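S.K.: Input sequences plus hints: build the corresponding full structure.
Just so you know, the sequences run in chain order A and B. Per my numbering, residue 1 is the first one in the first sequence, and the count goes up by one each step. Per my numbering, residue 1 is the first one in the second sequence, and the count goes up by one each step.
Just to be clear, a hint being listed does not mean it is correct.
As the list claims (entries may be wrong) - The calculated label-pair distances, taken between Cβ atoms and stated as ranges, are:
1) A:Ile-30 with B:Ser-51: 42 to 52 Å
2) B:Glu-358 with A:Glu-34: 52 to 62 Å
3) B:Pro-230 with A:Glu-34: 17 to 27 Å
4) B:His-133 with A:Lys-31: 20 to 30 Å
5) B:Leu-414 with A:Arg-44: 35 to 45 Å
6) A:Arg-44 with B:Val-172: 39 to 49 Å
7) A:Lys-31 with B:Val-172: 49 to 59 Å
8) A:Thr-100 with B:Pro-331: 42 to 52 Å
9) B:Arg-461 with A:Glu-103: 51 to 61 Å
10) B:Leu-89 with A:Glu-34: 51 to 61 Å
11) A:Thr-28 with B:Leu-40: 52 to 62 Å
12) A:Glu-77 with B:Ala-229: 48 to 58 Å
Just so you know, the hints here were simulated from the structure itself, not pulled from any lab data. Treat the numbers as computed from the prediction; the structure is a model and nothing was measured. All residues carry an ideal CB built from backbone N, CA and C; glycine is no exception.
Here is what each chain is made of, one letter per residue.
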Amino acid sequence: MKLITHNMLTSKCLKGVVTGYPLAINATDIKVKEVDFNPEFISRVIPKLDWEVLWVAADSIGHSDGLPRSLENKYDENEEFLKKAHKVLLEVEVEEGHLTCPESGRQFPISKGIPNMLLNEAEVQ
Amino acid sequence: MWRRYLLWFAHEHVDFRHAEINSILSLFKIPIRFIEKPCLEKPYWIVELPSEDCAKKIASRSVLMKNCIELWSRAKSIDQLHINLRKSLQNTTSKWIFENVECAEYICPKELIDVCCSPNNSFKIEVETFCKHFSIQEKLDKIEEFTYLPLKGSVKLKNPDITLSYLEFYGVNPNNVPEQPYDLFFGKWIAEGQRDLIRFHSLKKRKFIGNTSMDAQLAIVMANQAQIAPGHIVIDPFVGSGSLLIAAAHFGAYVWGSDIDYMMLHGRTRPTRVGQKVRSKEESIKNNLKQYGTESKYIDILVSDFSLPLWRDGVKFDAMITDPPYGVREPTEKIGIERNNYTLSEEHLTNHIPSKVEYGLPHIYSDLLNFAARHLEMNGRLVCWFPVIRADYQDEQLPSHPCLRLIANSEQILTKLTARRLLTYEKICDDVSSVTVDPSSGVPNFRDKYFAIGEETRRERKERRAEEIATYAAVKARLGNEVT
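M.R.: Okay, structure coming up:
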């Protein structure tokens with residue numbers, strides 16, 4: 001699971017959960033894989049994100065080095081910054097671990113990089 | 001300067017032709033003028049476009065178009081074609097002249113031909129004869145007819161600067177081929193469509209397929225209908241083996257997928273390929289994209305139940321492209337259990353794969369359209385298939401939502417009695433009040449009807465066969481009596 005995806009996921013499927021965001025990350029296996037750098041895409045995607053949540057998530061798994069906690073003006077012209085954002089958003093992968101709902105504590109496992117957001121039958125009733 | 005073009009199409013998926021091209025035209029904001037009214041029985045269009053660049057853009061996306069030719073001469077007989085072309089060599093008006101519109105006698109301006117005649121341009125002439133076979137010598141004889149053209153460059157068969165195309169059209173019925181062609185065309189070859197992708201992305205060579213993986217051609221049509229462009233953010237909420245994401249990533253989108261089937265996404269279902277005993281560890285959607293060089297476009301896959309909310313409010317995708325389950329070859333299901341007060345003990349929890357209950361088709365489409373209204377960018381598109389019983393089909397059956405406008409609806413026939421329609425919706429407004437499920441919309445019992453029809457025809461066949469046997473026995477008995 002990449003951090004760009006984590007930024008968009010909630011545990012709203014659970015009964016009684018109001019926002020279910022952000023999910024906490026517990027990672028037991030993290031990989032960093034090279035992905036082609038596309039500055040236009042990164043600039044386009046940043047406004048869609050909750051930047052504070054991104055920074056906290058990256059920090060919680062030890063990958064916030066060099067990433068500013070708040071966005072500066074004209075960040076889309078700063079190639080150094082875009083490269084760092086690119087790394088955190090697309091190159092850091094949580095292979096194994098789990099996501100935790102902030103309201104109920106319910107855990108969603110991540111295995112082989114694929115989060116499993118399925119509830120069991122009792123939770124759906 | 002507007003130029004005249006011959007667009008030649010593959011003679012299949014005819015109902016998708018206008019829809020695919022219109023989506024591409026509006027994606028690139030290309031205006032078009034039709035010179036002749038398109039005819040469904042003929043695999044070509046004669047159009048005018050503002051520039052050669054527009055023609056090349058269309059060719060860079062369309063998988064239904066074979067190629068595009070700058071038209072110089074067009075006629076209904078071989079002699080007339082050459083008469084028109086000779087007249088063109090004298091046509092200094094810089095405009096197309098129509099001598100006789102009924103017989104399609106068009107004379108192009110001289111400038112189009114002059115541009116290709118320079119001694120520095122190598123050229124070749126290609127002959128295509130649709131629906132009729134000619135030997136190489138016969139084709140060479142046809143080429144000889146064009147020696148009056150003042151082409152001063154040298155002939156080069158491999159990678160010439162200019163390729164001139166001569167086409168003879170003998171109809172589309174190989175069982176009824178006329179002596180003389182119905183239509184003839186001559187002009188300069190401009191560009192090839194994307195039909196090579198059909199072989200390049202073929203399911204036969206793909207690392208990871210499922211029982212319902214979409215074939216490459218239709219996946220690309222869907223990506224065009226969704227107007228997917230480089231840098232777009234695209235999701236398939238019923239992703240299966242990722243066949244639609246491959247087409248999306250090919251056109252430059254960054255892709256997400258989700259599916260309720262845990263085993264499928266982890267490459268652990270029974271293999272789809274005949275003769276394959278077990279799935280290899282390499283089988284995954286990510287490796288599919290890697291196979292075609294688009295691994296960088298793979299973002300994430302999630303196991304999730306589409307009937308439940310998952311994404312943060314405000315998350316917006318540029319396009320959704322999907323093939324929901326119809327309940328025939330894969331189940332329509334969501335998490336749930338018929339029993340009341342079901343509880344799961346602690347020790348079973350970790351590896352539990354939850355049981356599922358029926359997720360009816362009207363419910364699936366209502367969720368799909370609500371999701372699109374909520375999570376698409378303005379003017380973003382939802383492209384999805386919708387199964388129908390052909391005899392019962394009416395436009396009113398199609399799912400609808402006040403925030404989405406239906407842009408296209410093309411039919412692919414599956415069996416004598418069933419079809420599926422490729423629907424394209426565009427988000428036109430943001431006021432998202434959820435639309436409730438209409439249990440009578442669409443075909444709520446598509447699965448039941450599909451199998452009931454199958455059952456009915458099987459029973460009919462059995463009864464007919466029994467009747468035949470009885471009749472035969474009776475006739476035989478009577479004949480036997482007469483003989484003896």
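S.K.: Each hint: holds or not?
M.R.: Verification of the supplied hints:
Roughly 51 Å separates the CB atoms of Ile-30 (chain A) and Ser-51 (chain B), a value that falls within the hinted 42 to 52 Å. Separated by about 44 Å at the C-beta atoms, Glu-358 (chain B) and Glu-34 (chain A) break the suggested range of 52 to 62 Å. Between Pro-230 (chain B) and Glu-34 (chain A), the C-beta spacing of about 20 Å keeps the proposed range 17 to 27 Å intact. In this structure, His-133 (chain B) and Lys-31 (chain A) break the distance hint of 20 to 30 Å, their C-beta atoms being roughly 57 Å apart.
Against the hinted window of 35 to 45 Å, the Cβ-Cβ separation of Leu-414 (chain B) and Arg-44 (chain A) comes to about 39 Å, which satisfies the hint. Under the hint 39 to 49 Å, the C-beta atoms of Arg-44 (chain A) and Val-172 (chain B), about 45 Å apart, fit the expected range. A hinted range of 49 to 59 Å for the beta carbons of Lys-31 (chain A) and Val-172 (chain B) is consistent with their spacing of about 54 Å. Distance hint for Thr-100 (chain A) and Pro-331 (chain B): a CB-CB separation of about 30 Å, inconsistent with the stated range 42 to 52 Å.
In this structure the supplied range 51 to 61 Å holds for Arg-461 (chain B) paired with Glu-103 (chain A), their Cβ-Cβ distance being about 59 Å. The beta-carbon spacing between Leu-89 (chain B) and Glu-34 (chain A), approximately 58 Å, falls within the hinted interval of 51 to 61 Å. Our hint of 52 to 62 Å for Thr-28 (chain A) and Leu-40 (chain B) holds, since their Cβ atoms are close to 59 Å apart. Evaluation of the 48 to 58 Å hint for Glu-77 (chain A) and Ala-229 (chain B) yields a failure: the beta carbon distance comes to about 23 Å.
Checked against the numbered hints above, the structure breaks hints 2, 4, 8, 12 and satisfies the rest.
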